[in-house]
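A.B. asks: Throw the hints in and build the complete structure from the sequences for me.
Protein chains in written order, with the numbering used here: chain C, 92 to 632; chain U, 10 to 334; chain A, 33 to 526; chain B, 175 to 453.
It should be emphasised that the hints constitute simulated quantities derived from the structure, not laboratory data.
Worth double-checking, as some hints may not be accurate.
Claimed, not checked - Calculated cross-link-like contacts (lysine-lysine; reagent style DSBU-like; alpha-carbon spacing at most 35 Å):
| hint | chain 1 | residue 1 | chain 2 | residue 2 |
| --- | --- | --- | --- | --- |
| 1 | U | Lys67 | A | Lys441 |
| 2 | A | Lys205 | U | Lys80 |
| 3 | A | Lys156 | A | Lys100 |
| 4 | A | Lys106 | U | Lys67 |
| 5 | C | Lys173 | U | Lys139 |
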Amino acid sequence: MVISVKDLSVALPEGADRPHAMTGITFDVAAGEVLCIVGESGSGKSVTANTIMNLLPPGLTPVSGTIEMGGRDLLKLSDAEKRQMRGSEVAMIFQEPMTALNPLMRIKDQIAEVFEAHGAFSKEEREAKALKLVEEVGLPDPPKILRAYPFQLSGGQRQRVMIAMALALEPKLLIADEPTTALDVTTQAQILKLVRNLQDRHGMAVLFITHDIGVVAEIADRVIVMRQGEIVEQGATADVIGAPQTDYTRRLINAVPSLIPPAPRDLSADKVTVSVTGLEKTFVTSGGFFTPKREVRAIDKVSFDLKRGETLGIVGESGSGKSTTGRCIARLMEPNAGEIRLGELDWGALASRELRAQRNRVQMVFQDPYASLNPRSKIATILTEGAVAQGQDKQEALAYARELLETVGLDASSLDRYPHEFSGGQRQRIGIARALMMRPEILIADEAVSALDVSVQAQVLDLFQKLREMFNLSIIFITHDLCVAAQVCDRILVMHQGGVVEAGSTAEVFAAPSHDYTRSLLAAVPGWKDDSPLRRTRATG
Amino acid sequence: MQTLRYILMRLAKAAVILFAIVILNFCLIHAAPGDPAAVMAGEAGASDELFLQQLREKFGLDQPFHIQLWKYISGLLQLDMGYSYRQDAPVWDLIMDRLPATLLLTGAAFVLSIVLGVVAGVMAAVRVGKWADTAITVAALLLYATPLFWVALMAILLFSVQLGWFPSYGMESIGSELTGFRYWLDVAHHLVLPATTLGLFFTAIYARMTRASFLETAAEDFVKTARAKGLSEGRIARRHILRNAILPVVTLAGLQAGQIVGGAVLTETVFAWPGIGRLMFDALLQRDYNVLLGVFLISSAMVLLFNLITDLIYLLVDPRIELNT
Amino acid sequence: PKSGGRINVVVQPEPPGLMLGLIQNGPTQNVAGNIYESLLRYDKDLNPQPSLAKEWTVSDDGLTYTFKLHSGVKWHDGEDFSADDVVFSADVFLRETHARFRVGLEHVESITAPDAETVVFQLKNPFGPFLGMFEAGTMPIVPKHIYEGTSFKDNPANATPIGTGPFKFEEWKKGSYIHLVKNEDYYIDGLPYLDEIYWQVIPDAAARAVAFETGQIDVLPGGSVENFDVPRLAGMDNVCTTTEGWEFFAPHSFMWVNNREGWTAKPKFRQALMYAMNREFMKDVIWNGYAEVAHSPVSSKTRFYDTDVAKYEFDPEKAKALLDEVGYDGTPVRILPLPYGETWNRWAEAVKQNLDAVGVKTEIVATDVAGWNQKLSDWDFDLGFTYLYQYGDPALGVGRSYISSNIAKGSPWNNVSGYENAEVDQLFADAALKASAAERQELYTKAQAQIVEDVAAAWLLELSFPTIYRCDVKDLVTTAIGVNDGFKDAWLDR
Amino acid sequence: MNAFMKNFLRNKGAVAGLILLSIVVIVAVIAPFIYPQSPWTMVQRPFQPPMALDGFYFGTDVLGRDIGAGLAHGARVSLIVGLVSTLVALLIGLPIGALAGYFGGIWDDILMRFTEFFQTIPSFALAIVIVAILQPSLSGIVLAISIVSWPPVARLVRGEFLSLRSREYVQAAILSGLSPMNIIFRQILPNAISPIIVLASLMVASAILLESALSFLGLGDPNVMSWGYMIGAGRTVLRQAWWICVFPGLAILFTVLALNLIGEGLNDALNPRLARKGR
Ligand SMILES: Nc1ncnc2c1ncn2[C@@H]1O[C@H](COP(=O)(O)OP(=O)(O)OP(=O)(O)O)[C@@H](O)[C@H]1O
Ligand SMILES: Nc1ncnc2c1ncn2[C@@H]1O[C@H](COP(=O)(O)OP(=O)(O)OP(=O)(O)O)[C@@H](O)[C@H]1O
Ligand SMILES: [Mg+2]
Ligand SMILES: [Mg+2]
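C.D. replies: And the structure:
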């Protein structure tokens, strides 16, 4: 055993949502093994990891248990010993590659610092080592990367740098706290592969934290399922995912959207409500000091039609122009070229006064449930102000708001409350209700479920289906998650670097992708390999 | 190359701003009641129409406003800041006479405040919540809330009058005819009180700012990364937190470096420091238009210069920066 | 007396220039009075004393003034001084530049130099105060060889003044100090005693006091610290004070009272103001006793003051009664303070309180020198503080403020009140032209009675400006203009 | 709101500041009752030290005026100067910042150049010149202080608007067809208000300091009794009569301190990340 955690409990400070972050958890990790901890948000995954690193934030204190490693109890080390242990015996990588590196230091120095802190090697050796590490994690042009600053690297590259730093002193245990959550599917797949490879090569133990069952299925040897600070289930991956013992685990697994699309609907008879032709948008960033004036072609000749009652999925990785497309159609942004028609109306050419009068026809649901509701307004105001501005009677609007709240599954009494009194999922429902208040024909959902926990995500997706039928909406569903797209979309538009690389019915695209990029996207979705226990469980369940 | 272009662009922009400032100030100053001739007549104890007319003619005040403005501006374009009739000297000479004193004073105050402020701020942040933090925070607050001239008066009372440690006014021992090192020592001796009083206020600002910035940066993810690497706290504070936390302080410092040139009026008054702040105030009371305009022009130019310098420093410190022209 | 040593003096405010022929404000006179000279000096009783002129005679008809000059006098640049310089100064230079001197010149027929050491002033008519016009500030002698044929105001030499005085200009560090050094070639052997003088610029009054206390300053000329500070400084060891040295100027403070319009145009109302003011309090508290109540337009310290002039004592009840009588309706009266420092502000506040107390509504209009000047010049005031010098004679220092021919917009130094009384005009005109002191006294007594009756202005105090200095500075104040030419005789007993 | 109060009241400094300020405000409000006579009235012999005479706890000044009365009435003036000039500065800075931040583009450019222009002129010097032009009077001083202190408001508001404008709820409001005015005032401004309040509390403090500095230079309004005036008038006799200068100095110190403490408290309670943007 590389490390064994026994009966560990960590107390939370007064006023926290519960007295303990974890109570009496016990597990161990063996060399050459990947142990995944999975569980919903707040279940205590990160606190567990931080306790092992002795990096608990102030206020959190281990109250019982031991963490044994190499014959010592990590909880009992002196400060100096703790420092010595970090980085050399246990290393850790974090979720946010964007902020986890010091923005003002060159990569070289950040890696070399690990050696320096532990007094390892001479100055030249450190540089050489750093170079080797950067090569090992598969970064292109290592000498250049070493000289670069973090902001010059992409998210995936930064995460590789983090891994390189973690590997520097060949630790016995690598802790990875949701290292891929913030990354694109394709990048995530690469990083997962990298972790696996490195582990094989170095034979270290890996403690991998994630909330994504797909990732678990992809990488883990063993799994721990946590809930409310307790371990509800643990065992080999195939067992736990293939044959979950507890309801909780089963729920987690079932909530994962399936990559297998449902049977297609027949929409050939319906009218086209939106037709987009040759849409283009170029952003011109004013030149900077290091960066000369730069043009970003965010979308390039995008064309598609959308029928009444149809859901069109726009998928693609980050920066591919999905949001830009959506925002242009909503006329939150003016395209440089192209035509947008709503039925007969030349929507893209409406002048601002007319546009304001007809705004209600296209509505959006946004990604961040916390940022999409005005924190200073009551729900009643949030829901009705648009309708009132369109000339509707205040009382009527309120009545309709009540009705809609119930439709989206909220109590009508919510009207008198403020957004912060609701959970993320509930807020997203309010956001949807707000869009529906305007009686739109077209609803654009930009990553509308990405910020939600899987279980909540499933509910909201269901809601979308229901509403589409109720109101006969046309929906443009923007997502980077192919599984989500597979669930709700009739047709799929795959975007890559601003252009549409593939379009077709969901079933066709998933079954027989015609473009390489689509294929690589599909292949990167974690946990859905042919022999995956997840696929098995979901196929049967 | 690009840096050069950037600097040139900024300088061009600065020239435009300066031009606007000149015009605004010209109008403002001429809007004040009275004119230099009247002031001189007022001080002379006797005057008559002839006397005033002679003066006005000599000062060019008998001409229409727009001609005066035009003359001033065309003078400026030929790098001529005009002539102080009251003091019978070219404005440029007068300002250059006084500018070094102000630069010395504000420069010393600036260095003092930033060094002291950053050190105090870091000390407070590192010991956040402990008594040292409280003491520094309270001291900074008190300094921040005390009128500058008041501190100056008290400092003179205590250190010059009671203890006799430092001279109470002036920039040098007048007539001592010291030279070289001894001279500078003498100047430094005179500099202590004014620079400290002027600096203390800014020290308070920097201390508070550094503390806040430091604490904020300390909560960032990369600090956690640094801890996970096994770095010592001291090293984390120095190399990771401080370097990032100092950036907003640099911005503020840049803004203020320019402003304290103009803000030294009070200190220069209380300590009889022969700088341009005082020159400006006297020129204002005497309606010595050209001098006043000159001082404004120079101090605005200083502000712009310091802003540019700050941005260039920023550039050195922060590789991410994209300077917008 | 001992020779040698250096002295530090405060000059406040920093003078605009040192060319005494062009600028005659206080600080310029302070400094430049030791660089330039005139023909005479005056002792504390205003008796003429030799300066550039070693002797002088006045013809019996009072029309011819003949001056014998010292021989061997040199300008600071080494050129010889001669009677031509005097003629040039008086007839050409000062005629063009010196407003106050022009008044005297009106009575002059001709100025001639029969030889290099003699100057003759021939008058058109007898002019009583004529012999009082040869003080350095009134008639500074400037070098003809430098100024003749040039534009006086633009002459670059103005920056490095050349005089005949006991001290030479050495350096002026703007904002900091003016350095004068001993004139080694001074025409009186042994004089001056001091080696050098530093006139230091210290803008803040409190800082000036501290500088004196800490020993960095030896002499505080009158008016350079606030009155409140005087007793404390005077009480220090080895510190002497004197109120002498102001006899020639005899500063006389009063408020211009706008005689033209508003309530202040009513003589009764003006009398009410006089009764309302507690001038004893102002004297004791605001001036710390360094003043006397002024009862007349003529200072009691100069000639021709009438001791029997009617006096307005502090009598609020009488003031109220007078106000009732004129039917004052509560229109606010604007008080324009003199922007010369804290003392003057306090003074305006005290006047305001006195007037408020008898029911006169007041409002203080704060300004700086320029604004003050402008408001007085434009007659845009009700009560305006000022103080004027008497220059040793009512014809020079008093008449100008009350005669109707001197009413003109554009200057704060003429008859700003706008007081018009033909009888008074005549009295002043006659008195100036009489040569006999007794005749003049009679006329001036009449004039004073009338002006006081009319309350042409609201007289406040006859001011003293104590000079504060270290007791080891000897013979500092020997003449009627004090430190203005005092360093000629001063020496250090150290 | 409750959470805000709780947060605010947990901050010891803020509570102390609130108490101090309340005292000042109360004194200012009841000044005419405790000192019915004008503070300018010469009521006693000059230069009486504190407590030397019954009822004159703070002594008398150079003319025998009651310093206590000056302090009480001065509190009104200082607070009014602080509040009004801050208000005026907000009235200038807020619309400018809001327009620049909301509309961006050319508007932003023009308005920010304008703001920069005012920031380039040394502010204290500008204030002095403005007072000299207008000649010292309360309204002139307030105006001068406002003119030199609005640029930070504009910058702050612009920054807030810039970041809030792209918030999703603002986008949603645009989609709802709300008018720009509605969006600026109903959607964005309420959310930008906390940093503005914090800044405003600090501006009140600096306005009080600025007024006192102007008074010190002799540029105060001679018809109203302010603390700055009292210090300016008392500094020449600081050596003989420390109390004339010390009490108003302390009054300024405590008031400004209180405002700063409250500002910090608000800052912590309203927006923990503001510290760097505030200035
Ligand atoms: N610094 C802290 N102060 C107080 N409570 C904390 C702190 N950090 C974590 N907690 C609490 O500890 C519990 C466990 O949090 P933890 O961060 O381990 O969850 P997690 O499983 O990592 O969730 P997520 O998937 O959202 O990252 C939660 O209830 C959280 O509110
Ligand atoms: N306001 C903007 N100014 C400049 N560039 C922009 C702006 N908005 C988007 N871009 C650029 O346009 C491109 C497309 O952005 P867009 O937001 O549409 O991507 P996306 O597919 O929605 O990505 P994500 O999944 O990260 O949301 C990106 O390169 C982005 O950097
Ligand atoms: Mg976590
Ligand atoms: Mg997007």
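A.B. asks: Provide an ascending list of the numbers of those earlier hints which the structure does not satisfy.
C.D. replies: Violated hints: none; all satisfied.
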